[in-house]
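Below, each chain spelled out in residue letters.
Number of protein chains: 4
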Amino acid sequence: MPTKKELLDRPIQHLDIKQHNVVPLVEAMAHMAYSSRDTYRAASIYDMMLRDTDCGVILCIAGSMISAGLKQIFIDMIRNNMVDAIVSTGANIVDQDFFEALGFKHYIADDQYKYGNEDAVLRELAIDRIYDTFIDEDELRICDEVTHQITNSLEPRPHSSREFIREMGAYLQREGKTPQGGGVDSVILAAYEKNVPIFVPAFSDCSAGFGFVAHQHARQGKPMVSIDSAKDFYELTQLKIANPSTGLLMLGGGTPKNFAQDIVVSAEILGVDAPMHKYAIQITVADARDGALSGSTLKEASSWGKVDLTYEQMVYSEATLALPLITGYAFHKNAHASRKGKKWTSILDQVAVTA
Amino acid sequence: MPTKKELLDRPIQHLDIKQHNVVPLVEAMAHMAYSSRDTYRAASIYDMMLRDTDCGVILCIAGSMISAGLKQIFIDMIRNNMVDAIVSTGANIVDQDFFEALGFKHYIADDQYKYGNEDAVLRELAIDRIYDTFIDEDELRICDEVTHQITNSLEPRPHSSREFIREMGAYLQREGKTPQGGGVDSVILAAYEKNVPIFVPAFSDCSAGFGFVAHQHARQGKPMVSIDSAKDFYELTQLKIANPSTGLLMLGGGTPKNFAQDIVVSAEILGVDAPMHKYAIQITVADARDGALSGSTLKEASSWGKVDLTYEQMVYSEATLALPLITGYAFHKNAHASRKGKKWTSILDQVAVTA
Amino acid sequence: MPTKKELLDRPIQHLDIKQHNVVPLVEAMAHMAYSSRDTYRAASIYDMMLRDTDCGVILCIAGSMISAGLKQIFIDMIRNNMVDAIVSTGANIVDQDFFEALGFKHYIADDQYKYGNEDAVLRELAIDRIYDTFIDEDELRICDEVTHQITNSLEPRPHSSREFIREMGAYLQREGKTPQGGGVDSVILAAYEKNVPIFVPAFSDCSAGFGFVAHQHARQGKPMVSIDSAKDFYELTQLKIANPSTGLLMLGGGTPKNFAQDIVVSAEILGVDAPMHKYAIQITVADARDGALSGSTLKEASSWGKVDLTYEQMVYSEATLALPLITGYAFHKNAHASRKGKKWTSILDQVAVTA
Amino acid sequence: MPTKKELLDRPIQHLDIKQHNVVPLVEAMAHMAYSSRDTYRAASIYDMMLRDTDCGVILCIAGSMISAGLKQIFIDMIRNNMVDAIVSTGANIVDQDFFEALGFKHYIADDQYKYGNEDAVLRELAIDRIYDTFIDEDELRICDEVTHQITNSLEPRPHSSREFIREMGAYLQREGKTPQGGGVDSVILAAYEKNVPIFVPAFSDCSAGFGFVAHQHARQGKPMVSIDSAKDFYELTQLKIANPSTGLLMLGGGTPKNFAQDIVVSAEILGVDAPMHKYAIQITVADARDGALSGSTLKEASSWGKVDLTYEQMVYSEATLALPLITGYAFHKNAHASRKGKKWTSILDQVAVTA
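Chains as they are written, first to last, in the working numbering: chain H, 1 to 355; chain L, 1 to 355; chain A, 1 to 355; chain P, 1 to 355.
Quick caveat, the hints were computed from the structure, so don't treat them as lab data.
Values in this document were obtained by computation on a predicted structure and should not be read as measured data.
Please note that the accuracy of each hint is not assured.
Identical chains share a label here; the pair holds if one copy fits it or two copies do between them.
As a list, the in silico DSS-like pairs of lysine-lysine whose alpha-carbon atoms are at most 30 Å apart [unchecked claim]:
| no. | residue 1 | residue 2 |
| --- | --- | --- |
| 1 | Lys-333 | Lys-18 |
| 2 | Lys-222 | Lys-343 |
| 3 | Lys-340 | Lys-4 |
| 4 | Lys-194 | Lys-333 |
| 5 | Lys-18 | Lys-343 |
Produce the complete structure using the sequences and hints provided.
Right, here's the structure in full:
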């Protein structure tokens, strides 16, 4: 049996789109077929979305994308004003981004592990596996514990995930878990500094959830922190109302996709006739045939009045191949040159919601 | 352009496993290859799970399964003590099950609509599309409004989705939206009557969310209802602690799968050394190669200490084909004969959590 | 290390649709969504195709279907006049059907083998693996050798695969490899007896190929048997000309699908204005997005003038689940009652082609 | 209804890897997860295969790859000694490469066409569709007719597809369908000039098949050309025997994959103990779960004694995204610097096989 140290020896390293000018490659793909042409079109829609400075850009992240080496792309998008809000699964934001911000890493798993035959061994070593990637479970328990502490430090009332994640950003800054402090940059920190709100609509469904459970268990019968998913939806809807023109860049489907698409309807419920999302891109390997939201086409979303048909593109590809090309294209075309950050957090600070 | 009435003319009808003894067919599949053999094995694991009367059975539902004609299977599982808790996406429970309980229906879409070329027409007619199925959007707005009213009627404090859905069951009973009252049976009603808790970890991410937003908007600055996803996780963990032996029957992945799998770890966080899920079945068309949770194998979950390796089976099939065979097999083998409902709702009523 | 005998202990057994009346189950699926509804529609098209007695039915088989337990279905289709010609990959017909006719079997592989981690062990034991199924490689070498002997016994001239496979049928009958002779029934034998031609357009691409190579190697410079794929195409085209109304039931894609679809164009090349295939069903897990023929839709085939749009249905399912339902439905509806075998072999015996 | 001219207005243009140094991008992918890491590993195996100058490199092409814009990559591989033999489906070589060599083009189809709703219109306009790509059917008929003429010009005996395709190369050169003659470069021409044999194991299953059928129809009772697929297999086996060290670069699966993998066994049948393929890469979107060869893993092939386990890599991606990265990496690393073409055609000219 290998030792834990032997298995956790090659860290995942995050791709830096700033180093790779993919513009000529992506432009050549415009004249091909299948996913290459779709990738070009998605890249050109993202470029268009950024040049349309009225448009607020919402990034949706499902799947394990940060453990896969895409973290720096998200950070670069934030720091270069290429995104205004993020809607994500909890795993990406807490178990993976916050986890790495605390100083931990993800590791490359050898091919033999990815088919599952060695999972009993991994269990014994307390190594968690995401397909071809390893995580030290003991480190993950520390991450759970930090979210527990942050939960304990908050005012005992309902919080949106957005408010909570902002506190995680404050924690990182306060504790010097920053590049300046000798640490690594993170999505949470960059979003905190750039006033980009991050929403996790199923926030208990991740490492943070363990912290919440521990908190609520200890506070039984006393005032406690709760995580109000309705408030998340209310807040995101307010952004749509404040900035009616919006575009979506979605990785995978799941709750983030549905949640972000739904704000068009939600605004309508509040009596505001908000336009459909003007631009929409989804990168996914799912297909439409099982009727699940994750693989449902953007055309289908248009039947629901959520996404406009003019500028939408599905890219059927695993995201680690397509996202560097799409975001790298827009970055090196300097599509964001005239863009200022929308600093949407400041809008939300004025939304008074208390339980 | 067709009229709305012409398009909404053939309602989805729900399959009744009680009418089809599939036992010989499924047993014949035991000796074949690929998905048929996997289906047999999944069926035999579900059979085993039901005969193991210590085991609490948790059904996880992602994807649009109720609109697809699987509602009666879920109802039969509840009414025949074949399931003890449900974890689902909001769409299945609110937009589809509660929606049908209110007297509305889903409709068959002709093949030409499922590729999306006619979605602009559907938009004009206020018809929403789920792949090959139609919904009357005006009826869906009524469903939103009913959840709004229910929200308004609740005590202004944090509620778990489980508590809220129980109120939806009470509403249906009170309003006579029952078979006895001339209405149709529903998952929410059956679960209400049989004390089967239903959890929706991303509860704002559905039709109910629109009701919450409307409620919170109207109550700004005043006491209001909030939806506490942490409480959901806390409650489901309590069930694992009260009944350590558990089995999972999962349709699709997403938040329901992750949430239900995670309670093993969550129990541990509360200091209880709960065993991994003893049985686990997942029916999905997703694959493992993009690293997303939805397609991740149950072996992978065992590396996280969540699922035991002995009785696990992935079935790679669209659920409308595989679920009738798996549940029908167990039903006609009378696997549930010695089972009484665990009535888990009664445990949860004693879990006092207030904000 | 397990022994070969231990690993090859549970033979694949073939499903018998005659034992399972699936009509009520499939009819219930008509009112659902996704693959279940598609399966119903495919079943009803197959039913229609059989009742339309003018229509010649062509079954296309790609993938490893006979090793998977579908052999008896194909045999029952032939013996009950439910198919008039077969176009297949070589593996199904030679490595699997002829192999079993010689008295050999396929075996169930335990789950742990299907991810490939034990393939080095299998290599040592001379066990070949098809996903979750085992084959004794030594037995396969015997199968190669028998095709070598049959090749040696033929007139040294170009043969179509159809002619060669007919000789394999004659061999089985002559050698008593028949149910009457104490052996097992086979697709090749049934087709031989019922005058159903079997085409394998890439005939060297299977166990038979090894026999051909050995034959041609030994006969260098002397008259020898060759395998004329042009003749196959010519013959199949003659069937289309003799019987213009045709329907396709396709499992997977590949060469069989393309070959069978192309005869419409081929007839046209010979100056005959043959109609498109009137009915077409494809069962596949492939999707359309990589542009490959295997997953291309039947609509796409209609742009090529090959398949009529009125009665076509794609079923996105692994075949061991969908085929028993589709063929069992037609069988138990007795759709073939008025059908006589078209005995197409007799037409082909009059097609004189020599090199 | 649009006119044919309006629909056929934007030709597919082929990607030129020589213009895009992807080495830094691909190297960055080495440290990520999922398909990006697999792409890096595949690229590094291809690099290794080229530096191992003993190794003969066999390229397998299934799917519609040339119509998709990958033609120039194949040409560059041939002209830069990066491939020694090609095994392909007929569509790529005849309907697409030879077709373009004759002066015709493929065209970009707008998104609305790729879902099939407009296929009846395309049928009327005689436009054939491959997912998102259009072909002028009248031009394709000319291509059929040219193969008919070439067939008529040949000696009436069995020919391997390899011999026939060589005649197609001679035809292009003779007719001035060359860059020097004002035409475009082609895979067939480049292979002809560089003595790279091209095999199409199911050669009648493409546009060439129509020419063969017309030829054999006209020559009934007289000596005629036949297409001997056994000879193809014999010839490819001879290459394995002459050059035992081999590597495979496979796009898609199908007949080309199986055929090329099988030569290890075929050599053994001829009494030569040839080693397994030393290197193997497959790019595919298929998965292993239906047991079909196209998606079967390279590990599975090792159980059959066909592929060595040390240097094998599956890349789950649509080929237009992954192939430019894999081949571009090796090209710009100059992996082929010490490689001379193996000129395998010259070996085959000495293989005397006559019927």
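Check: Where does the structure disagree with the numbered hints, that is, which hint numbers, in rising order?
Finding: 3
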